[in-house]
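**Student:** Chain residues, written in single-letter form:
Protein chains: 4
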Amino acid sequence: MKNNIHIIEENESNVRYYCRRFAKEFAKAKMSKMFTADGAEYIDFFSGAGTLNYGHNNEYIVNKIIEYLKNDGIIHALDMYTSAKIDFIHKFQNKILIPRQYDYKMMFCGPSGTNANEAALKIVRKYTGRKNVIAFMGAFHGMTLGSIALTSSSFARRGAGVQLDNTIFIPYYGADIDSLKYLEMILEDDHSGIEKPAAIFLETVQGEGGVNVADYKWIAELYDICKKNQILLVCDEVQTGCGRVGTFFSFEKAGIQPDIVTLSKSISGCGLPMSLLLLKPEIDCLDAGEHNGTFRGNQLAFVGASAAIDYVIENDVWKKVLNNERYIKAYLEQEILSIDSKIQCRGRGMIWGIDFGGFEEKTCNEISKKCFENGVIIETSGRRGSVLKILPPLVINREELTAGLNVIKKTIEDSL
Amino acid sequence: MKNNIHIIEENESNVRYYCRRFAKEFAKAKMSKMFTADGAEYIDFFSGAGTLNYGHNNEYIVNKIIEYLKNDGIIHALDMYTSAKIDFIHKFQNKILIPRQYDYKMMFCGPSGTNANEAALKIVRKYTGRKNVIAFMGAFHGMTLGSIALTSSSFARRGAGVQLDNTIFIPYYGADIDSLKYLEMILEDDHSGIEKPAAIFLETVQGEGGVNVADYKWIAELYDICKKNQILLVCDEVQTGCGRVGTFFSFEKAGIQPDIVTLSKSISGCGLPMSLLLLKPEIDCLDAGEHNGTFRGNQLAFVGASAAIDYVIENDVWKKVLNNERYIKAYLEQEILSIDSKIQCRGRGMIWGIDFGGFEEKTCNEISKKCFENGVIIETSGRRGSVLKILPPLVINREELTAGLNVIKKTIEDSL
Amino acid sequence: MKNNIHIIEENESNVRYYCRRFAKEFAKAKMSKMFTADGAEYIDFFSGAGTLNYGHNNEYIVNKIIEYLKNDGIIHALDMYTSAKIDFIHKFQNKILIPRQYDYKMMFCGPSGTNANEAALKIVRKYTGRKNVIAFMGAFHGMTLGSIALTSSSFARRGAGVQLDNTIFIPYYGADIDSLKYLEMILEDDHSGIEKPAAIFLETVQGEGGVNVADYKWIAELYDICKKNQILLVCDEVQTGCGRVGTFFSFEKAGIQPDIVTLSKSISGCGLPMSLLLLKPEIDCLDAGEHNGTFRGNQLAFVGASAAIDYVIENDVWKKVLNNERYIKAYLEQEILSIDSKIQCRGRGMIWGIDFGGFEEKTCNEISKKCFENGVIIETSGRRGSVLKILPPLVINREELTAGLNVIKKTIEDSL
Amino acid sequence: MKNNIHIIEENESNVRYYCRRFAKEFAKAKMSKMFTADGAEYIDFFSGAGTLNYGHNNEYIVNKIIEYLKNDGIIHALDMYTSAKIDFIHKFQNKILIPRQYDYKMMFCGPSGTNANEAALKIVRKYTGRKNVIAFMGAFHGMTLGSIALTSSSFARRGAGVQLDNTIFIPYYGADIDSLKYLEMILEDDHSGIEKPAAIFLETVQGEGGVNVADYKWIAELYDICKKNQILLVCDEVQTGCGRVGTFFSFEKAGIQPDIVTLSKSISGCGLPMSLLLLKPEIDCLDAGEHNGTFRGNQLAFVGASAAIDYVIENDVWKKVLNNERYIKAYLEQEILSIDSKIQCRGRGMIWGIDFGGFEEKTCNEISKKCFENGVIIETSGRRGSVLKILPPLVINREELTAGLNVIKKTIEDSL
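Here the protein sequences line up with chains Y, H, R and P, keeping their order. For the first sequence, the positions run 193 to 608 when our numbering is used. For the second sequence, the positions run 193 to 608 when our numbering is used. For the third sequence, the positions run 193 to 608 when our numbering is used. For the fourth sequence, the positions run 193 to 608 when our numbering is used.
Everything labelled a hint here was simulated from the structure, so no lab data went into it. Because the structure is a prediction, the values reported are computed rather than measured. Just so it is clear, CB atoms sit at the ideal spot from N, CA and C, and this is done for glycine as well. Among these hints, one or two may not hold up.
[Unchecked claim] To spell it out: a stretch of chain H is covered by chain Y in this simulated footprint if at least three of its residues, at any positions, have a beta carbon under 8 Å from a beta carbon of chain Y; those stretches are:
(1) 253–260
(2) 265–278
(3) 325–333
(4) 520–533
[Said to hold, decoys possible] Under 7 Å between C-beta atoms, here's a sample of chain R residues computed to sit facing chain P:
(5) G231
(6) A232
(7) S304
(8) L337
(9) S530
(10) S533
(11) A595
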C-alpha cells in the first residue's frame with residue numbers, strides 16, 4: 193500500500209487543497225501526532241482547522257463511541273428523540289450553560305459550521321423582518337451561498353458565481369478606521385444608504401482573516417450598540433469556541449451574552465461532523481422544519497460531544513489552555529520576534545499568528561511548507577496568506593508544544 | 193431514564209420536526225427496526241429519509257468502523273491524503289464507475305446533500321459563465337441559501353428570508369403543460385425574458401415533491417435538449433441514488449451520463465454524514481479551495497462507504513430491490529387502490545407514494561400518525577403533504593416489508 | 193447647411209439607432225409627412241414609435257402651445273398647482289374617464305413611459321407587499337432598470353449589466369403553450385417555486401414583440417384570474433393607448449378596468465415628453481414624494497394634452513381609426529398576403545405587422561431600408577426584427593395611407 | 193377660474209409633493225418671479241429644483257422656440273438626424289467643450305436626469321465588466337430602480353419595494369470618517385468583502401443631501417484614486433451643472449475630466465425635459481439601441497439648449513454667478529449666522545444651505561412654509577429636511593436677490 197497518492201491525484205477534483213500542502217498519505221493519529229502510512233510522524237499544529245481541540249482519537253471519547261456502536265446505538269435519526277441526544281442536551285445545559293447563567297435554546301443544524309450560520313441568517317431575518325447583515329472585513333463564516341455572503345475573501349466570494357447581497361462589511365477591531373464610530377454613523381444617518389441590519393456576525397478572533405484578536409472592551413461596546421439599536425449579535429464560535437481561548441465560549445470575558453452562538457468543529461469532541469446553534473428563547477421564531485438537514489442528528493457526534501464535556505471538566509483543559517497561552521506568548525515574544533523586526537505576533541488562548549506581511553508574498557507559504565518537511569503540520573491564513581497560524585490541540589503536552597515551536601523557529605531562521 | 197422527552201422539548205428549538213410526528217425516545221436500532229428506550233419496536237419505512245438504504249447498524253459495515261476506530265485510524269483530516277480515502281476512491285472507481293463505463297472525477301464536499309448541490313452550483317456557473325439554473329416544480333435540493341433557490345416549496349423558500357434569484361422553475365414530467373416543449377420554447381425564443389441557464393437540476397424521482405416518477409424516455413429527451421444547448425445536466429441522486437431504484441444510479445436505465453451527480457444520504461453506508469459529487473473531467477474547473485468545508489473528509493464515513501460497496505455487491509442488493517419493486521407495486525395495486533378509487537399510487541424501485549390528494553387535506557397526515565401508533569414509521573411528502581411515502585431500507589426482509597404494508601393497509605381502511 | 197450629418201456621426205455616441213436606418217437630415221414635418229433639410233419628403237408610417245398619433249405639428253394643438261408661450265405661461269413647475277395642470281386634469285376626467293365610467297386617480301411621473309412603469313412597480317409592490325411581477329414573453333416596458341426587468345428582449349436585458357430580478361415571464365396570447373392555464377397552474381401550486389406576484393403587466397397589443405394582438409376574451413379571462421387571486425393588473429398603454437386601436441384605451445372592448453394604466457408617447461398630443469399613470473383610488477398608496485422626478489410637470493405637454501382631447505373629439509378621430517382598420521386589413525389581405533404564402537399579417541386599429549419570420553433573417557430589415565429609399569419611414573420589430581410595423585399617424589388621410597401601403601407592397605414584391 | 197386647487201386635490205395621486213408646500217395655483221412666470229392665477233407674485237428661490245438657471249420664460253430662449261414652432265420645426269423624432277440636433281451638438285462642442293479642451297462624445301437619453309444616470313450605469317458596467325458602483329452617503333441620483341440604488345435617502349430606497357443591489361455607500365467629504373482613506377482601504381484589501389467597483393458617482397455639491405460642498409482638492413484626490421484603480425468617475429451634474437457654481441461644469445476648478453458627465457434640468461435652458469450624457473470616446477461601448485427612450489430627441493429642448501448657450505455667453509452669466517456667490521456668502525455670514533450660533537451655512541456659486549440641524553426637527557420645515565407666506569418660494573433638503581436650500585435663478589437681479597434674502601432673514605428671526 194505504498195505511495196498510493198496517485199489514486200487521489202488522478203481521481204479527485206482539482207478543488208482539493210490541504211493535500212497539496214501536506215502531501216503524504218496519513219493513516220493513523222493520536223492526540224497531537226499524525227502518522228503516515230509508512231510510519232513517519234508529524235506534530236499537528238493545525239488540528240483539523242480547529243476541529244480537534246481534544247486531540248486525535250482521544251481515548252476517553254473514542255471508547256465511548258466504540259461502546260455505543262457495539263451496543264447498536266442509533267447512528268442516524270434526523271431530529272427524532274433519541275437517548276444520545278437527550279444525554280447531550282442534558283449535559284450541555286447542566287455543565288456548560290447553567291454554570292455560566294446562559295439561557296439558550298439549542299438547535300441542531302446540518303453538520304457543519306456553514307450550515308449553522310445559514311440557520312442563523314434565517315432566524316435573524318425572520319425575527320427582525322430585516323434582510324441586511326453586517327459582517328467584518330477579514331471574516332470567514334462558510335462557503336455555502338448564505339454564509340459566503342458573510343465571508344470577506346475575494347477569492348471565496350468570486351467562487352459563488354453570483355451576486356452576494358444583503359451584507360455590509362465594516363472594518364474589524366484594529367483597523368485604521370474606527371470601526372465602532374463608523375458603525376454608529378451608518379446606523380444613525382438616514383442618508384447612509386445602508387438599511388438597518390438584522391444582525392452583526394462576529395468572530396472574537398478572526399482565524400482565516402489572519403488571527404486578528406478583538407479587544408474584550410471593544411466587543412462589549414459592540415454588544416451595547418447592538419442592544420441600543422435592536423440589532424442581534426451572532427457570535428460565530430465555530431473555530432474559537434469549545435475552549436480554544438481558555439474559556440468554553442470565546443466571548444465570556446467580554447461579559448456579554450450574544451443572541452445567537454454557532455458552534456461546530458470541536459463540538460463533537462472527536463472530529464465527527466456536527467453543529468450546534470444556541471439562541472435566546474425569545475428569538476426562537478422558526479416554524480417546525482423551516483430549517484432542516486438530513487444529518488442534523490449525527491448520534492455518534494452526540495455521544496462524542498457528551499464525552500468531551502466530561503473529559504474537559506475532569507482534565508481541567510481550560511486551565512491548561514491559559515497556561516499554554518502564557519507559554520506560547522512568551523516563546524513568540526522571546527524567540528520569534530527577535531528573529532526579524534518585521535515579524536509580528538498576536539493571539540489569544542491557543543490560537544496564535546506569526547505575521548509575515550512585511551515580507552515578500554511567498555515567504556509565509558514557504559515557511560509553512562518547510563515546517564511540514566521538518567515535521568510540523570501548520571497552515572497559513574490572512575491577507576495574501578501571510579500569517580502562519582499556530583493551532584495545536586488544546587491537549588498537547590508541553591514537550592510536543594515546545595518541539596513544534598522549535599521547528600517553527602528554526603524554519604523561520606533558515607528562511608529569512 | 194424513562195420519559196426524558198421533556199428535556200428535549202424544553203431545550204430544543206421549535207424548529208424540530210420529526211420528533212413531533214414520531215414522539216418516542218429511541219435508543220437502539222437494527223436493520224429495519226427501531227427500538228425505544230422502554231423496549232417497544234417499530235418497523236422503519238422512513239430510513240432516515242433515505243439515508244439508511246442498508247439498514248440501521250448493518251453489522252458488516254459497523255464492524256469495519258469499530259475495527260478502524262480501535263486501530264486509531266484517522267477520524268478527521270479535512271482533504272489531506274489518508275488511507276481511508278484512498279481505499280474508498282479506489283473501490284468506488286473500480287466497483288461502481290468503471291463497470292458502468294462512467295468517467296467521473298470525485299469531489300468531496302461538506303457532509304450533506306445540500307452542500308454538494310451548493311458545490312454543483314459553483315461549478316456549473318463557473319464553467320458556463322452563466323448564472324441561471326433551471327429546476328423543476330416539486331424539486332427539493334436542500335435548505336442552504338444556494339440550494340433553497342432550487343427548492344420549490346413555498347414554505348422552504350419563505351424561510352430563506354431573502355430574495356432567491358437565478359432560478360427558473362419549469363413543470364416536471366407528468367404536468368398538464370408539456371414540460372420539454374415549454375423548455376425548448378424558452379431556450380429558442382430571444383424574447384422569452386429568460387437567460388440561457390448554466391444547468392438543469394434533475395431528480396429522476398421527486399421525493400419531497402410527492403414521489404413523482406419521471407419516465408426514462410423523457411429523461412433521455414431532456415438530456416438531449418441539454419446537450420444540444422450546451423446546458424449542463426446535474427442529477428441530484430441524494431435520495432434516489434445508492435440503489436434506491438434498483439440500479440446504483442437512478443438514471444442508468446435512461447442511458448445518459450449527467451455532467452454532475454450529487455450523492456449523500458446512503459453513500460456512507462451507515463448513516464454517517466458524507467457527500468460526494470461526481471463530475472465529468474472536462475468541467476473540473478474550480479481552483480484549489482474554491483469550495484471547501486471542515487468536514488469534507490469524514491474518514492469514518494469513507495470506511496463505511498467502502499464497506500457498503502462490498503456489502504451491496506456480495507449480497508446482490510440491487511437485484512433484491514427489483515424483486516421488492518414488483519412486490520410493492522402488486523401489493524399497492526391489489527390491496528391499496530381497491531380501498532378507494534380516489535387513492536393513487538406511484539413509485540419506482542423501493543420508493544413509493546400513496547397519494548391522498550383527492551381527500552381532505554389532513555387525511556394523509558393523520559394516516560401517517562396512526563401508522564406510527566400501529567408500529568410503522570412513515571412520513572408524508574408532496575403538495576399539502578398528501579402523499580404517504582414508502583421508503584424502507586433496501587435490505588428489509590419480505591416478512592417485515594409485508595408486515596409494514598399490512599399496517600398501512602389496515603390504517604388506511606380504518607381512516608377513510 | 194447641406195450634409196451636416198457628419199457632425200452627429202462624429203460626436204454622438206454609438207448608441208444612436210434610428211438615424212442609422214433613416215439616414216437623412218430632417219428639418220420640418222407636418223401631419224403624416226417629414227421633410228429633409230434639402231426638401232425631400234417622406235410618408236411617416238412610424239409616428240415617433242407611436243408618439244405622434246395626431247400627426248406632426250398638428251396645427252390646432254401647436255397653436256395652443258404657441259399662444260401659451262407668448263403669454264408667459266409657466267413652462268416648468270414640478271408638481272406645484274398650475275392652471276395648465278388643472279385644465280388638463282379637469283378635461284381628462286370629464287371627457288375621457290367619466291364618459292367611460294372609469295374611476296381613476298391621476299399620477300404624473302417623469303416624462304417617459306418607462307418612468308410611469310417604474311412608478312407602477314413601486315405602487316404594486318407597496319400595495320401588495322409582494323415583489324414578483326409577471327410579464328409576458330415579447331413584452332417591452334422600458335429601458336430603465338425596473339422596467340427592463342419587465343422587458344423580454346435578451347439584447348435589452350443584457351444591456352442592464354446586472355441581474356434582473358423579481359420578474360416571471362409567461363407566454364403571451366397565441367403561444368403554443370396555453371398561457372392562462374399555465375398561469376393558473378403556477379398560482380395554485382405551492383411547489384411551483386414561483387412566489388405569488390404583485391401584478392401582471394399587460395400590453396393588449398405587443399408592439400416591440402412583433403405586433404402580437406391579444407384576443408379580448410383572453411384579456412377578460414386574464415383579468416378574472418387577477419381578481420380571483422388578488423393580483424393587480426397593469427395595462428401598459430404607452431404605445432397602444434390614446435386611440436391607437438380605435439378606442440381611447442386599448443382594453444375598452446375587453447370590458448375590464450385595470451388597476452393601473454400607464455400612458456405616455458401620444459398623451460401630450462404633439463410629441464412633447466409626458467407620462468400619466470392612472471390608478472384605482474383604493475391602491476393610491478405612495479406617500480408624498482415617494483416617487484418623483486424633475487419633469488413630472490411638463491406644462492407645455494399639459495397644454496398640448498388638453499388641446500389633443502378637444503381635437504380628437506371634435507374630429508371624431510376614433511371613428512376614423514376604425515375605418516382605417518378595415519381598410520388596412522383588407523389591403524394587407526388582398527395585396528400583401530397574396531405576394532407570398534409565407535407572409536403573415538396581424539394587427540388592430542392602426543397598428544399592423546407584416547411578419548417575414550418565414551424568410552431569411554435579413555429580409556424584413558432590408559425591406560424596411562428599401563421602403564425608406566422609396567419614401568416611406570417604417571420600422572421593424574419582433575423576434576429577430578422580422579416584423580414590419582405599420583404605425584402611421586391616426587390622422588393620416590386616405591390618399592397618403594394608400595400611397596404608403598403601395599410603396600410597401602412594391603418594395604416587398606421587388607425584394608422577395 | 194378662482195380656487196380650482198380642489199380639482200387637483202381630488203384627482204391627483206397622494207404622491208404629489210411640492211403643491212402641498214406651495215399651495216397656490218400658479219399661472220404665469222417670468223425670470224425670477226412666479227405669479228398666481230389671482231395675481232399674487234412670489235420670488236423664486238427654488239428654480240424648479242435647479243431647472244430654471246436662466247429664469248422662467250427667458251425671453252431670448254422662448255422666442256427661439258416660438259419661432260421654431262411657427263416654422264413647423266420637427267418636435268419629436270427619436271434619435272433621427274434633425275437640424276435642431278445638429279445645431280445643438282455643433283454649438284455645445286464649439287462653445288462649451290472645445291474651449292475647455294474636453295474631449296467627450298454626446299449621448300441623448302430619456303429626458304430626465306435619472307435616465308441619464310441609468311444610462312451611465314449601463315456604460316460603466318459594460319465597459320469594466322464589473323457590477324458594483326460606489327455612491328456617497330447623502331447622494332441623490334434619481335428615483336428609477338437603477339438610480340435609486342445610488343440614492344442614499346432611506347425614504348427613497350424603501351419606496352423601491354425591492355432589494356437595491358450593487359451599490360456601496362461611503363462617507364462624503366466632511367464626514368467624521370476620512371472618506372478617501374476608507375476608500376483606499378477597501379480597494380486595497382482583498383478581504384474587504386467589497387468587490388472592486390465599476391465607477392464612483394459624484395456630486396461636487398450634494399443638493400438633496402443638504403448642500404454639502406466638496407473641497408476641490410478632495411475631488412482631485414478622488415479622481416486620482418479612480419485613475420490609479422481603473423475605476424470610472426461619473427459626475428452627476430444634473431443640479432450643479434449648467435453654471436450653477438459659476439463654471440459650466442461644477443468640477444472645472446478641480447482640474448479633472450470625469451469619464452462620464454450627466455446633465456439635465458437646466459440644459460434645455462427653459463425648463464423643457466432633456467438630458468445629456470457626456471462620455472470619453474474610449475468608453476463609448478454601448479451598441480446601437482442598447483439604451484433608448486422615446487423622448488431622447490426632444491427637439492424643442494434642443495432649440496432651447498442652443499439658445500441658452502448663446503444667451504449665457506453673451507450675458508456673461510458665469511461671471512455674474514461668481515459675483516452673486518460673494519454677495520450671498522457675505523449676506524449669510526453677516527445677517528444669518530448672527531441670528532443664532534447654532535445656525536450653519538455653506539454653499540458654492542448660487543447654491544447655498546442654511547442648516548438648522550441644531551434645532552428641533554420641525555424648525556426648518558416651518559421656516560420654509562413661512563417664507564412662502566412671506567412671498568419667497570424655497571425648499572428644504574438634507575438629513576431630516578433640516579437645511580433651507582437657496583437656489584435662485586442664476587439671472588436673478590440684485591434687487592430681487594436681496595429682497596428674497598431679507599424675507600428669509602426676517603422669517604428666521606421671527607421663528608427661532
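**Student:** Next step is simple, just say for each hint if it's right about the structure.
**Tutor:** Here's how the hints hold up against the structure:
1. Check result for the stretch 253–260 of chain H against chain Y: holds, 3 residues qualifying (beta carbon to beta carbon below 8 Å, three or more required).
2. Coverage of the stretch 265–278 of chain H by chain Y holds [criterion: at least 3 residues with CB-CB distance below 8 Å; count 13].
3. Residue count for the stretch 325–333 of chain H with a Cβ under 8 Å from a Cβ of chain Y: 0. That is fewer than the three needed, and the coverage hint is violated.
4. For the stretch 520–533 of chain H, the assignment as covered by chain Y is violated, since 0 residues bring a beta-carbon within under 8 Å of that chain's beta-carbons and 3 are needed.
5. Because the beta carbon of G231 of chain R sits about 12 Å from the nearest beta carbon in chain P, more than 7 Å, this interface hint is broken.
6. For A232 of chain R, the suggested interface contact is broken, since its CB lies about 13 Å from the closest CB of chain P, more than 7 Å.
7. For S304 of chain R, the shortest C-beta to C-beta distance to chain P is roughly 5 Å, which falls under 7 Å, so the interface hint holds.
8. The interface hint given for L337 of chain R is met, as the beta carbon of that residue sits about 3 Å from the closest beta carbon of chain P, less than 7 Å.
9. Here the hint on S530 of chain R is broken, as its CB sits about 33 Å from the closest CB of chain P, past 7 Å.
10. Hint status for S533 of chain R relative to chain P: violated, with the closest Cβ pair at about 32 Å, above 7 Å.
11. Evaluation of the A595 of chain R hint against chain P yields a violated restraint, the C-beta minimum of about 21 Å exceeding 7 Å.
The earlier numbered hints that this structure contradicts are 3, 4, 5, 6, 9, 10, 11.
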